[in-house]
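Engineer: Keeping their order, the protein sequence lines are chains E and R.
Everything in the first sequence is counted per this note's numbering, starting at 1 for the first residue and increasing by one.
Everything in the second sequence is counted per this note's numbering, starting at 1001 for the first residue and increasing by one.
None of these hints come from the bench; they were simulated from the model.
Hints are not guaranteed to be accurate.
To be verified - Partial chain R-side listing against chain E, Cβ under 8 Å, derived:
id	residue
1	Leu1051
2	Leu1063
3	Ala1066
4	Phe1074
5	Asn1078
6	Met1159
7	Gly1160
8	Thr1170
9	Gly1176
10	His1178
11	Phe1180
12	Ile1184
Where is the CB? At the ideal position from N, CA and C, for every residue including glycine.
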Amino acid sequence: MATHALNPATSTYSRGVLYDWLTTTDHKKIGIMYVINSFLFFLIGGILALVVRTELAAPGLQFLSDEHVYNEMFTMHATMMIFLFVIPMLAGLGNYIVPLQIGAPDMAFPRINALSLWMLPLGGILLISSFFTGGTAAAGWTSYPPLSLDGPLKSPGSGQDLWIVALILIGTSSILGGINFLVTIFKMRAPGMTLFRMPIMVWTVLVTSVLVVMATPVITSALVMLFIDRNYGGHFFDPFGGGSAVLYQNIFWFYSHPAVYVMILPAMGVISEVLPVFSRKPLFGYKAFIFATAGIGALGFSVWAHHMFTTGAVFLPFFSLLTFLIAVPTGVKMFNWVFTLFRGQLTFSTPLIFAIGFLTMFLIGGINGAFSASVPVDFALHDTYWVVAHIHYVLFGGSVFGVFAGLYYWFPKMTGRMLDESLGKIHFVLMFVGFNLTFFPMHMLGLEGMPRRIADYAADAGWNNWNMAATIGGFVIATSILPFLWNVFASLRNGKIAGDDPWEGNTLEWATSSPPPPYNFDHLPEIRSERPVFDARHGVEGH
Amino acid sequence: MPDTASKVTEGAASIVTADSHAIVTADHSPVGGLAHDARGGISNPILGMLLFISSEVMFFAGLFAAYFSTRANFVDANGVKEWPPSEFAHILNPFSLILVATIVLILSSVTLQMAIWAIRKDDRRGFIRNMAVTFILGILFLVMQAIDYSWLFADGLTMGSGPFGTTYFTLTGFHGAHVFGGVIMLGVVLYRGLTGQFSSRHHDAVEAASLYWHFVDVVWIILFSILYFL
């Protein structure tokens, strides 16, 4: 056997730092660039949200010149937050963590991985460039035709076309990333790492990737048809030309409903890593969690039309029933998490606090979502601020809190430095208070009938106070980002040295140095359970 | 220790020893050593291509769904429910150039498969000969489709001629784009074959490209049957 030990040092040679990062195929550097790129779009999307909230603080049009500009603002806010922040941010965390957690040296296709990364800023730049080419897309992130079709009262100009092209690029990036994850997870696991010994994070990325690979091309097809309708005189979606607007909605939601699981499952994976570590217990019901994740993924493909109850063109009982069914696997997960915490030795470090923020806020988001699964209730709540409250409780209360739990948890691994705990807690408190101040009033606004996507409302509609509260909350959320940014900046310069395993973690990323060397591992511990590093620390008797 | 038992697959570059728990590799790069066939079974490029093809299937599923939905809802200006609309029915004749193009595409799949069988037996001359024929057949299909398009345009069927024209050109156009992508793949494989990069042990790229080409071929057979006969 011609063998010599894997020595990471031999495979590197010196290059300029910038050149190195721009041309890297190392999944860790790519993962970090994913995170940075996504965070930049989080900031831009956040500023757009503040513009929206500022306009809505009081009745009348004070801040923006006209309603069309308002439409552009909320359209770009949602588009950036969904396609350029939440999805790629979670893909970036996965990119960094998944190969480490399965004991692999890199992703299966490192160069395709780099391609997936670099398509994102390209798509983002295309999207942003529409600000300077006569106006952005303004038909909402859903871009339903006929609003999104070309026409004097619809979406003239190149903004909508740039939006379409940007989304196709970002979608292609997602698909390539999903394929890469699947091959990595199926083919590159370390010896002993059976499927049912994989960390939950890896499982959630696996199911997410299946959704991405099978659903994203479907929205690509909707987008190219929209593009053809707008530019080549097509007749897919314009009812006056023999097309069907509901057809677009069906194809769009066939992707976009699974997409909400793409946006939440990896965040569930993150907190399923954090909760056991900080309660000093294994995850309660490991296999149940995996089957629940797969169940959500499978059900995710059969509930898309619950976004279309009011069109009158879908079979209501079927989609209502299946939507309610989603609550079952999600409920299983709530039990997994709560009973992981139950009688654990909790250390309230920042990652755990954000994970509990996820747990509580996502619970509210799940419950207020289940209301809308009921057809008669949905008819009353459709397109009101109730829906805005729901989406933010799951995507902000869920995904964003999960993202921050992950960032605080893995920052020491990525950089070798600890983040400051006090600043982290200030960040959490501000964000948690601001979040609830912004989005809880939207439930009341929705019940009182305030429609979404309006720039102005009557002064005597009784919506003034809740809107003002939501706007103040929005600025509190924005403020909460400042301690986080300062924390990252200061900790990178002189944060506490983390060491290999600052949290006494369970999974393989804690078995290598912080930050890990190129190709990740010199030695792997023996893998006999889903907690190989725990086993190595305590021996098999530790169980 | 059954889980960490030594696992040595033929041609694999990575070997795991049970006693040291360390990953050791043969003498090329660590990633290359671990990335290929580390776990045996289907190779990474083939699995990647199969997943890519499944996403392409979903892309065409979206287009086909739009086609059937549009077709089911179609009523012409006079309130007549007829598909293809009467003014275009005579234009679409399956027994013309398009049938020849179909046969060309099916033939190209056959020659490609012959190329695969050749390289599996290390018959490089046979491989290159069959690859070249496949490549030319692929280009021939595209040329025929272009000619057919020009005839349809001359007869007044365009993207803008109602839902029928839109769906026809979108479906066949995106298929054509995939054929174009496939031809580029075949060209790369042919070039690499000419420089002697493939052997019976090492030809994942050929297998992956052939999977893609067969997929494109199958899409066309379904498309042709639906558009011209159904």
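Engineer: So, for every hint listed, does it hold in this structure?
Structural biologist: The hints, checked one at a time:
1. Leu1051: holds, 4 Å
2. Leu1063: Nearest chain E Cβ about 5 Å off; hint holds.
3. Ala1066: holds, 6 Å
4. Phe1074: holds, 6 Å
5. Asn1078: Violated, because the Cβ-Cβ distance from Asn1078 of chain R to chain E comes to roughly 13 Å (cut-off 8 Å).
6. Met1159: Since chain E brings a Cβ to about 5 Å from Met1159 of chain R, closer than 8 Å, the hint holds.
7. Gly1160: Gly1160 of chain R check passes; min Cβ-Cβ to chain E is 3 Å, inside 8 Å.
8. Thr1170: holds, 6 Å
9. Gly1176: Not OK, violated: Gly1176 of chain R not within 8 Å of chain E, min 14 Å.
10. His1178: Cβ of His1178 of chain R sits 12 Å from chain E, so the hint is violated.
11. Phe1180: violated, 15 Å
12. Ile1184: violated, 16 Å
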